[in-house]
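Student: Here is how the chains run, residue by residue.
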Amino acid sequence: MSKHVVASVAEVPPGSRKLVNVKGRPIAIFNIDGAYYGLLNRCPHQGGSLVHGVLTGLVESDEPGKYCYSREGEILRCPWHGWEFDVKTGQSYCEPDKIKVKNYPVEVSPGRRVVEGPYIAETVPVTVEEEYVVVEA
Amino acid sequence: MNVQVRDTRTTRSEAASRLAIADCDIHPAHKSKRDLDPYLEQRWIDELRTFGPRRRVGVQSGPAYPKSQPNAARRDAFPEDGNAPGSDLDFMRRQLLDPYNIQLGVLNATGENGQHFQNRDLGNAHCRATNHWQIETFTKNEPRLKASLVVPYEDTQAGVAEIEHWAGDPNFVQIILQSRSADPLGNRRYWPIYEAAAAAGLPVGVHAFGFGGHPPTGSGWASYYIEDMVGHAQSCQGLLISMLMEGVFERIPKMKLVLIEAGFGWLPPLAWRLDKLWKRLRAETPHLKRLPSEYIRDHVWLTTQPMEEPEPREHVLDTFDWVGWDRMLFATDYPHWDFDDPDQALQVRVDEPRRRAFFYGNAAALYGVAAVA
Amino acid sequence: MTTTETGGIDCDIHPAVPSLKSLLPYLPRHWADLLVQRGMHELDSAAYPINSPLTARPDWRPDAGKPGADLARLREDALDPFGTRIAICNCLYGVQLLFSEDMAAAYARAVNDWVRAEWLDREPRLRASIVVPPQNPHLAAEEIERCAADPRFVQVLMLVMDEMPLGRRHYWPIYETAARLGLPVGIHAGSAYRHPVTTVGWPTYYTEDYAAQATAFQSQLMSLICEGVFNKFPDLTVVLLESGVTWLPAHMWRLSKYWRGLRMEIPWVDRSPFDIVRSNVRLSLQPFDGPPDAAQLERIFEHLQSDELLLFSTDYPHWQFDGLDAIPPGLPSGLARKIMIDNPLRTYTRLKETVT
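Chains as they are written, first to last, in numbering that gives the first Met the number 0: chain W, 0 to 136; chain B, 0 to 372; chain G, 0 to 355.
Since the hints were made in silico from the structure, they are not lab data. Check before you lean on any hint, since a few could be wrong.
[As the list claims (entries may be wrong)] Derived DSSO-like pairs (lysine-lysine); straight-line CA-CA distance at most 27 angstroms: (1) W/97 to G/231; (2) B/278 to G/231; (3) B/66 to W/99; (4) W/65 to W/17.
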């Protein structure tokens with residue numbers, strides 16, 4: 000595993016998303032309320048491009064007719080068959096024990112540290128004042 | 000930046016080296032409500048705009064059950080111009096035909112095509128217009144695409160006339176009807192349409208949906224869209240039972256039936272049930288000379304979407320064996336949300352001859368299209 | 000395959016009401032009077048034309064009278080030859096066909112009292128399902144309470160096609176009462192004929208009607224699951240009676256597949272539909288629409304992935320098999336006993352009280 004700068008923070012503001020490529024793998028980056036999450040951009044069902052999915056809330060119910068809505072904006076639905084994934088963990092909602100999409104740790108690093116530290120940043124014009132989205136993959 | 004933002008819609012492994020695919024269910028869509036105007040008399044344009052389509056459903060426009068996604072489509076299938084999924088030929092080429100090496104795509108123009116307008120004159124004009132529109136917008140400019148002839152089947156005379164009008168036109172590889180009809184499709188009021196199709200050498204495709212006015216269960220209206228969707232299997236069984244028992248295949252030996260988008264797992268148990276039942280009750284249907292399963296084997300094909308997903312996946316191999324590998328016609332149902340990706344849909348190991356038949360050969364043989372290498 | 004097990008429990012037999020007049024002693028004066036005064040017709044359902052070959056096996060068809068109307072014949076034809084220890088009566092006289100709620104409730108009560116007096120009281124091997132008026136689920140619930148006081152009533156009987164899909168909340172008073180009293184709900188082939196039997200209109204032939212019953216079971220099982228009946232009533236068992244059986248795996252594959260993407264519409268369905276079926280649904284054995292090749296039967300049981308789903312039945316007097324061949328040939332070994340004895344005993348808990 001190594002760390003890769005994939006975007007500047009300014010490019011992926013809260014509520015937005017970006018499709019990036021790390022070591023040949025397409026990874027969808029989401030900014031949820033300032034925190035970043037990364038998912039392999041392939042639904043485990045038939046490979047749908049998750050970055051095109053919709054972010055919604057979680058509808059739960061312990062009784063027919065009752066609807067509990069929470070975690071608005073944290074549930075990603077595959078743009079194809081609508082499978083629901085917790086964007087933070089990659090866990091599917093339907094069968095969390097069996098189905099998961101691979102998730103990647105994502106962090107924000109200030110530019111200075113990225114340039115000087117042990118992390119691998121490939122030919123990136125780095126401005127020291129900026130902060131960068133870094134994916135470990 | 001070092002990152003390449005790849006648009007996965009256009010990046011696929013080299014298309015030319017892939018197996019050629021026949022996609023037996025693609026849905027073209029209108030860019031705007033005016034798309035059919037060039038093919039309609041003004042009075043029909045005015046009639047539709049003023050009074051609406053008059054389908055056997057309460058909402059003025061749209062489906063009876065709300066879909067799960069806009070346009071019931073994949074969210075990534077909206078072309079750049081923002082028009083409906085399936086409306087842009089160029090986008091369809093880039094997202095579907097080219098990357099998957101689709102050498103034969105069969106269009107099923109099932110939306111707002113006039114088949115379900117209670118006002119039959121209005122409806123018949125729209126069926127004709129839809130058939131023109133398919134050619135002008137899609138098949139004329141794209142040799143890989145063929146169309147299904149939209150037939151106004153609830154008006155027997157008009158249905159026959161539409162088939163006879165287009166018979167021999169190479170743009171069309173089959174006729175299509177929709178499964179939820181006003182009477183079960185084996186009913187004798189539909190026979191002249193099947194006879195005309197057989198005379199024209201056109202298979203009869205029956206696609207899921209329709210607005211025949213009956214609820215999607217024999218016990219009334221289900222509450223949920225999921226029941227509407229799964230219910231296409233029940234509807235298709237009803238119409239197939241009807242076609243078999245009414246003796247459509249006995250009367251019209253050249254009839255070829257293609258069941259589209261209803262699944263196929265239900266077919267073997269239904270065939271077993273019908274064989275047993277027919278042997279017991281055959282006094283009622285003396286016009287039948289063979290077992291129902293024999294008629295099915297000779298006259299019925301099925302598209303593969305939505306692919307059955309048992310666990311373990313290998314159970315589906317039993318179903319293919321029972322149905323017959325030669326009856327299966329691969330389909331994606333692009334651009335709908337329950338799309339089957341050609342690379343992913345068949346999650347079981349199949350030998351090469353069967354793969355080729357499944358993905359291309361069966362369709363080429365059925366639709367009389369040249370085989371590819 | 001002739002069964003070698005004896006002492007089995009036959010979960011679906013059909014005693015027949017000889018005529019509407021047979022119910023006169025069991026109807027209150029007001030209803031009895033109207034029956035005669037109005038010249039009411041028989042309530043035999045179009046689901047089983049009396050002279051149709053399916054309605055009675057030739058050797059089970061009497062020379063006179065309705066098939067299934069004679070207790071002595073039932074003993075000779077259905078109980079003794081199979082060594083049956085207990086048989087559950089599902090009376091299909093069409094009270095569900097009536098439109099008036101009160102009339103239906105009165106006739107349901109009369110049928111249940113008739114079954115008790117003419118069958119249960121006269122033959123200790125017999126048990127019965129409670130016929131209820133689905134036209135009014137509250138009256139149906141009252142009838143369940145009334146009959147359940149007699150431990151020989153072991154199930155609630157409904158038809159697979161009614162006015163609405165059976166999972167709808169409209170019917171929940173029936174499920175609530177049944178679950179509370181420990182009674183399974185048996186859903187049997189047939190219809191109240193409020194809608195065409197198929198989802199594509201009214202069929203031409205009786206053969207189509209009967210064939211389409213399997214699709215009705217598919218729709219109703221789906222409705223029960225999607226409406227959350229088993230979430231609301233986790234102790235409820237539903238028994239699908241005379242369904243054909245082999246349609247089940249493919250239907251569950253499809254329903255489970257769509258559930259994964261459409262869960263948000265029915266969020267109370269919190270586990271796979273196939274799992275729900277394995278825990279809460281059972282199916283009577285006959286008719287068993289099996290593959291012509293007995294070797295393929297094993298594949299079907301592989302697909303079902305459970306030994307506990309099937310409950311032995313003859314479907315007497317309907318003609319579903321010949322001789323004593325009620326068990327499908329090629330059944331995986333060891334399953335016959337489960338089907339004939341263990342599964343029914345586990346499903347119908349009331350039977351334990353009365354089985355020696």
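Student: Give a verdict on every hint.
Tutor: Against the structure, the hints:
1. Note on residue 97 of chain W and residue 231 of chain G: the hinted pairing holds, with a Cα-Cα distance of about 25 angstroms set against a maximum of 27 angstroms.
2. Of the supplied pair hints, the one linking residue 278 of chain B and residue 231 of chain G is violated, its CA atoms being roughly 42 angstroms apart against a limit of 27 angstroms.
3. For a cut-off of 27 angstroms, the pair hint linking residue 66 of chain B to residue 99 of chain W stands: about 25 angstroms separates their Cα positions.
4. Distance hint between residue 65 of chain W and residue 17 of chain W is unfulfilled; the C-alpha atoms sit about 35 angstroms from each other, more than 27 angstroms.
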